[in-house]
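Undergrad: If you want the building blocks of each chain, they are given just below.
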Amino acid sequence: MNAQDVKNIVLKIITDIAPDEDVSGIDDNLTLREQIDLDSMDFLDIVMELRKRYKIEVPQEDYPHLATLKSCMDYLTPKFQSA
Amino acid sequence: MSGLNKNNRIVITGIGLTAPNGNNLMEFRNALLEGKSGITQNNIRYMGEQSAGFCDFDETKYQTKKSRRRGTRAGAIAIYCSNEALIDADLDLENVDKDRVGVYLGITEHGNVETEEEVYQMHQNDLDYKLWTPHHNPRTVANSPAGEVTLNLKITGPHYTIGAACAGGNMGIIQGLQMLRLGEVDYALAGGVSESPQTFGIFAGFAAQGALAHNPQDPTKSIKPLDKNRDGIVISEGGAVYVLETLENAKARGAKIYAEVIGYHTNSDASSYVNPNTQRQIECVEKAIKSAGLKVEDVNIVNMHATGTGAGDISEASAINKVFRDSKNTHVNFTKGHIGHSMGAAGALELAGNIPSFDDSLIHPGINCENLDPECEISNLVLNKAKQVEKVDVILNNSFGMLGINSVVIVQKLD
Chain A
98 MNAQDVKNIV
108 LKIITDIAPD
118 EDVSGIDDNL
128 TLREQIDLDS
138 MDFLDIVMEL
148 RKRYKIEVPQ
158 EDYPHLATLK
168 SCMDYLTPKF
178 QSA
Chain B
1049 MSGLNKNNRI
1059 VITGIGLTAP
1069 NGNNLMEFRN
1079 ALLEGKSGIT
1089 QNNIRYMGEQ
1099 SAGFCDFDET
1109 KYQTKKSRRR
1119 GTRAGAIAIY
1129 CSNEALIDAD
1139 LDLENVDKDR
1149 VGVYLGITEH
1159 GNVETEEEVY
1169 QMHQNDLDYK
1179 LWTPHHNPRT
1189 VANSPAGEVT
1199 LNLKITGPHY
1209 TIGAACAGGN
1219 MGIIQGLQML
1229 RLGEVDYALA
1239 GGVSESPQTF
1249 GIFAGFAAQG
1259 ALAHNPQDPT
1269 KSIKPLDKNR
1279 DGIVISEGGA
1289 VYVLETLENA
1299 KARGAKIYAE
1309 VIGYHTNSDA
1319 SSYVNPNTQR
1329 QIECVEKAIK
1339 SAGLKVEDVN
1349 IVNMHATGTG
1359 AGDISEASAI
1369 NKVFRDSKNT
1379 HVNFTKGHIG
1389 HSMGAAGALE
1399 LAGNIPSFDD
1409 SLIHPGINCE
1419 NLDPECEISN
1429 LVLNKAKQVE
1439 KVDVILNNSF
1449 GMLGINSVVI
1459 VQKLD
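These protein sequences, in sequence, are chains A and B. Add 97 to a position in the first sequence, counting from 1, and you land on the number used in this note's numbering. Add 1048 to a position in the second sequence, counting from 1, and you land on the number used in this note's numbering.
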């Protein structure tokens, strides 16, 4: 599992919880919320889906790591690799 | 009641609906006249194949995929019906004060579907309660279906649901009328919705009561109101939302007017959790007719609640015979043979199916009653084939529910 795989996983989850959004042009370094219509409940859904699908836990204090695709990759890749 | 301005005449200017056999008034009406059932055989969780009525309207016609995912099936039904009703009423909310629009939707129950799904998902995932969705609370609060309508249409007036068991649809109309007469709102989106067949628990509950109809060979014949071989209800989803406004307002804006809501009554049996009470039903019908300022013989159509249960049908038939026995002008029909029991939507939906009678003077039949129970014999009962009459000016709609709630709504053709 490399960073690109993790990015694809996150994008797939976002596509499922925000099906009206076009995620094809998302910039890895900009916050997700400034690029697509996501609110705090959507981020809770992302956390939930990571737990449900991959048994990956994201503690509440780490939620800021989900702000951009880049920060998602940096934070989640080690978790996936050790899972 | 003293605060109500009963001089305010309240009219129906828009109808949006979805039923198992139609997704707008014309489709629904034609299906009722043709005797077309919307009941199919469906796999219900844990219970296997069951007769049920599901709607096939386009959920994302007026709603984003994301909001549908966030919300509930009842909310999706309410949003579809509300948008259709506004279009039908030729009412653009951009041109009205949205603080003065109220949403009043009757429900039989709400939250069963969403709660069952979460419990099921938790059991599929080692009872991990942390997988319980953060959307559970907004989905299951009792105002949810009406609140979803306000979110969708950016309505800033009051919204709530009216929990009234299977009288919910009528009660939504009554609530809307009352709020208009109180001057609380200028427009009411009022009616009822149901998502009940999305949960196995409702099926299992009626099965436990011995009141769930079966016919695996032909599900369209499952529910048989008034038939001596009837064996219970078929659970359906659906919705009907009306645009209500004052006659004065409707005339001022040149609106098409379907009917005036001229009378209603609601009361309680105070006698049983589940069994009907004929005397209270009689009182409810008689007081509704009195509230409308009519005589019994003025009523042209009585749409029965007629669920297909043993006790319910006999009780209602007795009540109708008592009230209308001398009225040659009154014909009687029912709708659940076509669409099953759409629970919180039933009252509003079944009334809608009869309203076109004001124009075509046809009375749609009740279907699937091939061997009329002698205890359910009623004069001028319209069975299995539509009946042409000289004219229809007044329709009376019965809806009764568990815990002994009775409701009657009367509408009149406006000349």
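None of these hints come from the bench; they were simulated from the model. It cannot be assumed that every hint is accurate.
[Unchecked claim] Residues from chain B shown here face chain A by an in silico Cβ test under 7 Å; the list is partial:
id : residue
1  : Val1144
2  : Lys1146
3  : Ala1303
[Stated by the list, open to error] Here are the computed lysine-lysine pairs in the DSS-like style, where the Cα-Cα straight-line distance is at most 30 Å:
id : chain 1 : residue 1 : chain 2 : residue 2
4  : B       : Lys1370   : B       : Lys1335
5  : B       : Lys1343   : B       : Lys1435
6  : A       : Lys167    : B       : Lys1343
7  : A       : Lys109    : B       : Lys1114
8  : B       : Lys1433   : B       : Lys1370
9  : A       : Lys149    : B       : Lys1114
10 : B       : Lys1202   : B       : Lys1114
11 : B       : Lys1435   : A       : Lys176
12 : B       : Lys1113   : A       : Lys109
13 : A       : Lys176    : B       : Lys1114
14 : A       : Lys104    : B       : Lys1113
15 : B       : Lys1084   : B       : Lys1299
16 : A       : Lys109    : B       : Lys1304
17 : B       : Lys1114   : A       : Lys104
18 : B       : Lys1343   : B       : Lys1299
19 : A       : Lys167    : A       : Lys109
20 : B       : Lys1461   : B       : Lys1299
21 : B       : Lys1304   : B       : Lys1343
22 : B       : Lys1113   : A       : Lys152
23 : B       : Lys1113   : A       : Lys167
24 : A       : Lys149    : B       : Lys1178
25 : B       : Lys1338   : B       : Lys1439
26 : B       : Lys1370   : A       : Lys167
27 : A       : Lys149    : A       : Lys167
28 : B       : Lys1304   : B       : Lys1202
29 : B       : Lys1370   : A       : Lys109
30 : B       : Lys1114   : A       : Lys152
31 : B       : Lys1178   : A       : Lys104
32 : B       : Lys1178   : A       : Lys152
33 : B       : Lys1439   : B       : Lys1370
34 : A       : Lys149    : B       : Lys1113
[Said to hold, decoys possible] Distance windows between CB atoms, simulated:
id : chain 1 : residue 1 : chain 2 : residue 2 : range
35 : A       : Ala100    : B       : Thr1163   : 34 to 40 Å
36 : A       : Glu131    : B       : Thr1108   : 22 to 28 Å
37 : B       : Met1170   : A       : Gly122    : 35 to 41 Å
38 : B       : Val1167   : A       : Ser137    : 55 to 61 Å
39 : A       : Asp159    : B       : Ser1319   : 44 to 50 Å
40 : A       : Glu154    : B       : Ala1190   : 39 to 45 Å
Ideal Cβ positions, reconstructed from N, Cα and C, are used throughout, including at glycine.
Undergrad: Each hint needs a verdict: does it hold in this structure or not?
TA: Status of the hints after comparison with the structure:
With a cut of 7 Å, the hint placing Val1144(B) at the interface with chain A is violated, because the nearest CB-to-CB distance is about 27 Å. With 7 Å as the threshold, the beta carbon of Lys1146(B) stays out of range of chain A, its nearest partner Cβ sitting at about 22 Å, so the hint is violated. Hint status for Ala1303(B): violated, given a least beta-carbon distance of 34 Å to chain A, over 7 Å. Distance restraint check for Lys1370(B) and Lys1335(B): the Cα-Cα separation of roughly 14 Å lies within the 30 Å cut-off, and the hinted pair is therefore satisfied.
Of the supplied pair hints, the one linking Lys1343(B) and Lys1435(B) holds, its CA atoms being roughly 23 Å apart against a limit of 30 Å. For a cut-off of 30 Å, the pair hint linking Lys167(A) to Lys1343(B) is broken: about 75 Å separates their Cα positions. For the hint linking Lys109(A) to Lys1114(B), the alpha-carbon distance of about 14 Å falls within 30 Å, and the restraint holds. Simply put, Lys1433(B) and Lys1370(B) have alpha-carbon atoms about 25 Å apart, close enough for the 30 Å limit, and the pair holds.
At most 30 Å may separate the alpha-carbon atoms for a hinted pair to count; Lys149(A) and Lys1114(B) meet this at roughly 20 Å. As the CA atoms of Lys1202(B) and Lys1114(B) are separated by approximately 16 Å, the hinted pair is consistent with the 30 Å bound. Of the supplied pair hints, the one linking Lys1435(B) and Lys176(A) is violated, its CA atoms being roughly 71 Å apart against a limit of 30 Å. A C-alpha spacing of about 15 Å is found between Lys1113(B) and Lys109(A), which places the hinted pair at or below 30 Å, so the restraint holds.
A distance of roughly 28 Å separates the Cα atoms of Lys176(A) and Lys1114(B); the hinted pair therefore holds under the 30 Å criterion. Taking the CA atoms of Lys104(A) and Lys1113(B), the gap is about 23 Å. The hint holds against a cut of 30 Å. The straight-line distance between the Cα atoms of Lys1084(B) and Lys1299(B) is roughly 36 Å, outside the 30 Å bound, and the hint therefore fails. Distance check on the hinted pair: Lys109(A) and Lys1304(B) sit about 48 Å apart at the alpha-carbon level, beyond 30 Å; violated.
Among the hinted pairs, Lys1114(B) with Lys104(A) is consistent with the structure: their alpha-carbon atoms are about 21 Å apart, no more than 30 Å. Taking the CA atoms of Lys1343(B) and Lys1299(B), the gap is about 27 Å. The hint holds against a cut of 30 Å. Distance check on the hinted pair: Lys167(A) and Lys109(A) sit about 15 Å apart at the alpha-carbon level, within 30 Å; holds. Restraint check: the Cα-Cα separation between Lys1461(B) and Lys1299(B) comes to about 15 Å, which is no more than 30 Å; the hinted pair holds.
A distance of roughly 27 Å separates the Cα atoms of Lys1304(B) and Lys1343(B); the hinted pair therefore holds under the 30 Å criterion. Among the hinted pairs, Lys1113(B) with Lys152(A) is consistent with the structure: their alpha-carbon atoms are about 26 Å apart, no more than 30 Å. Distance restraint check for Lys1113(B) and Lys167(A): the Cα-Cα separation of roughly 27 Å lies within the 30 Å cut-off, and the hinted pair is therefore satisfied. Straight-line distance between C-alpha atoms of Lys149(A) and Lys1178(B) comes to about 9 Å, which keeps the hinted pair within the 30 Å bound.
Between Lys1338(B) and Lys1439(B) the alpha-carbon distance is near 22 Å, which keeps this suggested pair within the 30 Å criterion. For the hint pairing Lys1370(B) with Lys167(A), the CA-to-CA distance comes to about 75 Å; that exceeds 30 Å, so the pair is violated. Restraint check: the Cα-Cα separation between Lys149(A) and Lys167(A) comes to about 22 Å, which is no more than 30 Å; the hinted pair holds. Between the alpha carbons of Lys1304(B) and Lys1202(B) the distance comes to roughly 24 Å, so the proposed pair stays at or under 30 Å and holds.
Proximity of Lys1370(B) to Lys109(A) is assessed by CA-CA distance (about 64 Å); at most 30 Å being required, the pair is judged violated. With a C-alpha separation of about 24 Å, the suggested pair Lys1114(B) and Lys152(A) falls inside the 30 Å cut-off, and the hint holds. Restraint check for Lys1178(B) and Lys104(A): satisfied, since their Cα atoms lie roughly 24 Å apart, inside the 30 Å limit. In summary, the hint linking Lys1178(B) to Lys152(A) is supported, as the alpha carbons are separated by about 11 Å, within the 30 Å threshold.
Of the supplied pair hints, the one linking Lys1439(B) and Lys1370(B) holds, its CA atoms being roughly 24 Å apart against a limit of 30 Å. In summary, the hint linking Lys149(A) to Lys1113(B) is supported, as the alpha carbons are separated by about 21 Å, within the 30 Å threshold. Roughly 39 Å separates the CB atoms of Ala100(A) and Thr1163(B), a value that falls within the hinted 34 to 40 Å. Checked against the hint of 22 to 28 Å, the C-beta distance between Glu131(A) and Thr1108(B) comes to roughly 26 Å, which is consistent with it.
Between Met1170(B) and Gly122(A), the C-beta spacing of about 37 Å keeps the proposed range 35 to 41 Å intact. Against the hinted window of 55 to 61 Å, the Cβ-Cβ separation of Val1167(B) and Ser137(A) comes to about 25 Å, which falls outside the hint. For Asp159(A) and Ser1319(B), the hinted distance range of 44 to 50 Å is not satisfied, since their beta carbons lie about 58 Å from each other. Between Glu154(A) and Ala1190(B) the Cβ separation comes to about 33 Å, which falls outside the hinted range of 39 to 45 Å.
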